[in-house]
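Visitor: Residues per chain are reported as follows:
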Amino acid sequence: MAHTESDLQAALDNKLSPAEKARLAAHLERNPQAREDYERLKNVDAALRNLESVDPPGGLRQDVMRQVRLKEALKDSSVRTGGSWFVQAWEALRNTRPVFQLGLGFALGMLALLPALWNSPELSLNPGHVAGTLSRSHSGLSTVLTIREPGIQGEVLKSTQDGEFQMELRLRSQTPVLVSIIPGSPVSLVSWESEPATPGTVQFEPDRLGIQHAGVAAYRFRITSATDLWPSLSIRIEQDGLSLFQENIP
Amino acid sequence: MAEQDAALAARCLRGDTDAYDELVRRHERALYNGALRIVRNSEDARDIVQGVFVKAYEKLSTYDPERKFFSWIYRMMVNASLNWVEARRTHQELEADLPSSEPSPEGEFVMGEESRRIEEALARLKPEHRLAVVLRYFGELSYDELSYVLDLPAKTVKSRLYEARRLLAAYMTEAGVSHGTH
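So the sequences go chain by chain: A and B. For the first sequence, this note's numbering assigns the number 73 to the initial residue and increments by one for each residue that follows. For the second sequence, this note's numbering assigns the number 873 to the initial residue and increments by one for each residue that follows.
It should be emphasised that the hints constitute simulated quantities derived from the structure, not laboratory data. Glycine included, each C-beta is placed from N, C-alpha and C at the ideal position. Errors might be hidden in some of the hints.
[Claimed, not checked] Covered stretches of chain B, going by a simulated chain A footprint (3 or more residues, C-beta under 8 Å): (1) 944–951; (2) 995–1002; (3) 1024–1037.
[Stated by the list, open to error] Part of the chain A face toward chain B, derived, beta carbon under 10 Å: (4) Ser78; (5) Arg102; (6) Asp109; (7) Gly313; (8) Leu314.
Please put together the full structure from these sequences, using the hints given.
Guide: Spelled out as structure tokens, the structure:
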């Protein structure tokens, strides 16, 4: 049986020499049961070879590359200090009338949108980084809060360096959500970046920082506070006005 | 192809993410089809393949260029899919979620129906048998590559594949599959 099995396998794989083929043919000729078995196996083989290959889902490759580039960005880059104009903008926003907030918000949105107009929709590191330049990340980030809700997973990481505080939000959601970072004490934003670049999705409001999030992304903020202590911050995630997650950031 | 894959992998290791984009483009179809036949759920297959590609990127420095990149990443996909099946098995029976063909032209309809029956026969196989078939026919792996991916001796792989074909023949006969007549 083992001999027949290996011969049949080899025949199906088209690996028999002419002599072996002739020997198998003779064997099948003498043995109707073996011939029937072989025909059935050949049919199976042909059917399997003819099975339709299914197209991979659209966007699979793009999603893979988005994650790959996100990982590269998180591994290799961070925002360097130097967004002093951003501090002023942030402070100005906190202290101006709504009409000016709207105007400045629009201008920032347009500024952030420009790189997207010049680049392909594929992720690149620079577009959408409203403030700062890329530099080596320091490795002090540590997870302080984990988000595990149906359809939303993520974590908040923090670090302190040279009197500045860095907070990173990594988030994955199946559907669009609104994330709010709400300060409980005076805080100044030095700079921020997101990866993938998502122009216009981070909004600065007097009492909170809003992020229109969907899919997989990371947001990194550098902030200072009036004291040398971490400012009090909380995070809220909502969808269509319904709160999905709310926690103080430890 | 294999040499080009190795060259692309080397470029990735030098920081060229576009090279990885090309690797994904080359292999996403085979990996997706393999995962789909193992886990039998299109969304789960997508998640598995996406995760495998990302994990492979992270572990690219461990890839041995002497070996085919495809075999290396295919092995990851198989392990991830089997882990998924194992985890799922504790909760519920596997459910069929296979794509159906467009049934418009008559010939395509016949072929689509036949494919469906074969897929159903495939689904009746034990995972280890189904896996051998999937790797052989969808991954188009050689026996040596099958042996590497399954971490089994080549002789065992051949025997398993033979048994899988034999069972499929029986199931397809039961279902009245008429392949070979057109």
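Visitor: Just to make sure I understand the rule, a stretch counts as covered if three or more of its residues have a C-beta closer than 8 Å to a C-beta of the chain. Does the region 944–951 of chain B meet that for chain A?
Guide: Per the Cβ count (0), the hint is violated.
Visitor: Counting residues of the region 995–1002 of chain B that have a beta-carbon nearer than 8 Å to any beta-carbon of chain A, does the count reach 3?
Guide: violated (count 0)
Visitor: Let's test the interface hint: is any C-beta of chain B closer than 10 Å to that of Leu314/A?
Guide: violated (24 Å)
Visitor: Does the interface hint hold: is Ser78/A within less than 10 Å of chain B, judged Cβ to Cβ?
Guide: holds (7 Å)
Visitor: Should the hint that Arg102/A touches chain B count as held when the rule is a Cβ pair under 10 Å?
Guide: Nearest chain B Cβ about 21 Å off; hint violated.
Visitor: How about Asp109/A: closest beta carbon in chain B under 10 Å, or not?
Guide: Check passed: Cβ of Asp109/A comes within 8 Å of chain B, closer than 10 Å.
Visitor: Should the interface hint for Gly313/A be scored as holding, given a Cβ-Cβ cut-off of 10 Å against chain B?
Guide: violated (28 Å)
Visitor: Is the coverage entry for the region 1024–1037 of chain B by chain A consistent with the three-residue Cβ rule at 8 Å?
Guide: holds (count 5)
When held up to the earlier numbered hints, the structure conflicts with 1, 2, 5, 7, 8 and fits the remainder.
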